[in-house]
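Asker: Add 1027 to a position in the sequence shown, counting from 1, and you land on the number used in our numbering.
The set of hints was computed from the structure by calculation and includes no laboratory data.
Since the model is a prediction, treat every value here as computed from it, not as a measurement.
Honestly, I wouldn't trust all of these hints.
[What the hints assert, rightly or not] Straight line, CA to CA, 20 Å or less: simulated SDA-like cross-link-like pairs of lysine to any residue: (1) K1077 / P1112; (2) K1156 / Y1233; (3) K1077 / P1312; (4) K1191 / M1223; (5) K1191 / E1293; (6) K1359 / M1223; (7) K1359 / G1173.
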Amino acid sequence: MSGAPATGCPKAGRSKAGRPQTGRRGLLAAAAALPLLPALLRPARAAEWKPPRPVTLVVPFAGGSGTDAVARILAELLGPVLEVPVMVDNRAGANGTLAAMVAARAAPDGTTLFMTTNTTHSANPSLMKRIDYDPVADFTPIARMGNLPFMLVVGEQVPARSVKELLELARRQPGQLSYASGNSTGIVAGATMARMGGVEMLHVPYRSTPTAMTDVMAGRVTGMFVDLAAGLPHVQSGKLRALAMSTRERSALMPGIPSMAEAGLEGFDITSWNGVFGPAGLPGPVVATLNAAIRGVLARPEVQRRFAAIGFEAFSGPPETLDAFVRAELVKWREMIEAAGIEKE
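Based on the provided sequences and hints, a complete structural model is requested.
Answerer: Put into structure tokens, the structure is as follows:
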């Protein structure tokens, strides 16, 4: 989560029933309006390096998660560019630390990459008492992928139709309402909402986002913050109700859903970001080739539209930009976690 949310977004689209437009057509239309940032997307000339064997793209979340969806699109498109198969390896569990360790311990030859998020590379150091990897020292930044916007959703059986109504419901039933999480973004966003709203809510952690969503839809948990890629299909089906985006401003991808600030929690701004890393010590020519390949893929208009259709804001840049971004995000997430009163576990 930085690629700042778009400003000057169009007015909320409405269906005939008066609902916000959340369909594929709306996403594709919004994608056409997104700036492509050509200076950032234009790849540098790649050095002469070819992967000696198939590439494994390690993902810290289960199949069906937003990051998994993004990784699978990238793997499909990156393979022909690198001229070797690119395979996704889901290593869910322990808040992404299992996958991080697999990637950090891999040989620095460019055949094991890590598609990760702020969970492992921003939040975990401030959420967990012990992690056996260093987000900066143990990895080589390759390329930023973009942002995965989150939204607050509740099950269809929950009577609240806005953030205000949800908080009022929580005040009338202290400790009875709950929020699920399948990653660090969900943990921090839920705790921040409860603190800013002055309510007591029970946190229910899950191993993965799909499992958490299942319990929200079944009514076992009140709601959760979920990424668009994973949650949007269930919002469209009516099994989940979207109350707000987790950002300061509306998302260009979902202009019909209000921001948390609009919903009354001024200053609420939490976004998830995605990037590709390799193990520490990855040679310069390998990094240059991979960065150029990823940026070349993301620069294609049809790829931008494809990512936008699943709720992902795709953009990239040089490795140095990702390195500086990670260092800044570590500080930002530490401050957010401390402000939310979350203790290390």
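Asker: Each of the hints needs a verdict: does it hold here or not?
Answerer: Each hint tested on the structure:
no. : hint          : result
1   : K1077 / P1112 : holds, 12 Å
2   : K1156 / Y1233 : holds, 18 Å
3   : K1077 / P1312 : holds, 10 Å
4   : K1191 / M1223 : holds, 12 Å
5   : K1191 / E1293 : holds, 13 Å
6   : K1359 / M1223 : holds, 17 Å
7   : K1359 / G1173 : holds, 18 Å
Checked against the numbered hints above, the structure violates none of them.
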